[in-house]
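K.L.:
Starting from the known structure of chain Y, fit chain S onto it as the hints suggest.
Chains as they are written, first to last, in this note's numbering: chain Y, 22 to 157; chain S, 14 to 154.
Check before you lean on any hint, since a few could be wrong.
[Claimed, not checked] Simulated restraints on C-beta separations: (1) S139/S / H53/Y: 43 to 53 Å; (2) A47/Y / D119/S: 18 to 28 Å; (3) R84/Y / S59/S: 55 to 65 Å; (4) R84/Y / R40/S: 57 to 67 Å; (5) F41/Y / Q44/S: 20 to 30 Å.
[Unchecked claim] List of simulated lysine-lysine pairs, BS3-like, C-alpha gap at most 25 Å: (6) K108/S / K31/Y; (7) K147/S / K43/Y; (8) K104/S / K31/Y; (9) K100/S / K31/Y; (10) K23/Y / K108/S; (11) K146/S / K100/S; (12) K147/S / K23/Y; (13) K146/S / K30/Y; (14) K100/S / K147/S; (15) K108/S / K30/Y; (16) K131/S / K31/S.
[To be verified] Covered stretches of chain S, going by a simulated chain Y footprint (3 or more residues, C-beta under 8 Å): (17) 27-33; (18) 94-102; (19) 133-140.
Simulated from the structure, these hints should not be mistaken for lab results. Heads up, the beta-carbon is just placed ideally off N, CA and C, and yes, glycines get one too.
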Amino acid sequence: MKKLEDIPKKEVFTVPDGYFEKLPAAIQSRVHHDAPPAVWAGRLRYAFPMVVLLGLSVFWFTREAATPHPESVLATIPTSDLVGYLATSDLSVDELLDNVALDEADAAELEEAVYALDLSDEQLQELMNDVELKGL
Amino acid sequence: MLIDHDDSDDVTQEVFIKIHRHIGNFREDAQLYTWIYRIATNECLSFLQRKRRRFFLPIGDLEGEMAAKLDASPQLSGDEIQLKLQKALLKLPDKQRLVFNMKYFDDMSYEEIAEITKTSVGALKSSYHIAVKKIEDYLTE
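Isolated chain Y, as found in the complex (with noise of 0.2 Å):
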């Protein structure tokens, strides 16, 4: 039986020549190689997602803005030519007040204007004298 301690213990593998003169820079050239990303690379994936959706956003409100109104185009357009429009147009007048956004405010000042009377009362008997009361 062939025992271990019989065999004269050596060391059978050996290094070429030179390799550990070659080694370190074999090993910068692996380091630099595989070197990590810089740390900024790293955040401008995610900034620029951001700065995206930022220019959209600006661009999208600032469209918006860019739209005129509805009410600032008719400001522009002399009231005459506007009574005219409604003269001939197939608009009733319910159908006017339908599509119109009258605050209270506005109807309150439209109703003054339409149907409040300023008058005394002489003018007032002066009218109700004019005017042929048919059917009465």
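P.N.:
For chain S alone, kept in the frame of chain Y given last:
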């Protein structure tokens, strides 16, 4: 451990790169030598594991491939009995072969080997004793 010079060169470079990357994590709760040796042994064992998986080799085939490299390697010196000893070592499981190499060729103490491999001294003594027995049986064949 790896027999082939190119594989050994690859793993050696990988070990130094890992040392370079992780030296900041070295906690100084062990000697630097122990820490570096541990990285080297882990890299060797991982390399052998990957090699088996990559080529779908059962253990026997890798042993055969490495034995063939022993015969063909120009870097090998030593007589026939030395070569036979190296082939006997290839029959051992990787970790057992590692422990044998550290004890027999590097003359390390069981305590040093235990610190590197994170294995108990008792388990190491048992592993080495079994390895010696297997080698002597192979050499007697």
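K.L.:
Does each hint hold? Answer for all of them.
P.N.:
Hints, one by one, checked against the model:
A hinted range of 43 to 53 Å holds for the C-beta pair S139/S and H53/Y, which are about 45 Å apart. Taken as a hint, the range 18 to 28 Å holds for the pair A47/Y and D119/S, whose Cβ atoms sit roughly 24 Å apart. Distance hint check: the CB atoms of R84/Y and S59/S are about 58 Å apart, consistent with the given range 55 to 65 Å. Taking 57 to 67 Å as the suggested C-beta distance range, the pair R84/Y and R40/S conforms, at roughly 59 Å.
For F41/Y and Q44/S, the Cβ-Cβ distance of about 22 Å falls inside the hinted range of 20 to 30 Å, so the restraint holds. The suggested pairing of K108/S with K31/Y holds, with an alpha-carbon distance near 21 Å, which does not exceed 25 Å. For the hint pairing K147/S with K43/Y, the CA-to-CA distance comes to about 39 Å; that exceeds 25 Å, so the pair is violated. Restraint check for K104/S and K31/Y: the C-alpha separation of about 19 Å stays at or below 25 Å, so the hint holds.
The straight-line distance between the Cα atoms of K100/S and K31/Y is roughly 14 Å, inside the 25 Å bound, and the hint therefore holds. For the proposed pair K23/Y and K108/S, the alpha carbon gap of about 24 Å is at most 25 Å, so the pair holds. The suggested pairing of K146/S with K100/S holds, with an alpha-carbon distance near 15 Å, which does not exceed 25 Å. Note on K147/S and K23/Y: the hinted pairing holds, with a Cα-Cα distance of about 11 Å set against a maximum of 25 Å.
The straight-line distance between the Cα atoms of K146/S and K30/Y is roughly 17 Å, inside the 25 Å bound, and the hint therefore holds. Of the supplied pair hints, the one linking K100/S and K147/S holds, its CA atoms being roughly 12 Å apart against a limit of 25 Å. Between the alpha carbons of K108/S and K30/Y the distance comes to roughly 21 Å, so the proposed pair stays at or under 25 Å and holds. This hinted pair checks out: K131/S and K31/S have alpha carbons roughly 19 Å apart, not beyond 25 Å.
Here's how the segment 27-33 of chain S fares: 3 of its residues keep a CB closer than 8 Å to some CB of chain Y, so the rule of at least three is met and the hint holds. Coverage of a stretch by a chain is defined here by at least three residues with a beta carbon nearer than 8 Å to that chain's beta carbons; for the segment 94-102 of chain S and chain Y the count is 5, and the condition holds. For the segment 133-140 of chain S, the assignment as covered by chain Y is violated, since 0 residues bring a beta-carbon within under 8 Å of that chain's beta-carbons and 3 are needed.
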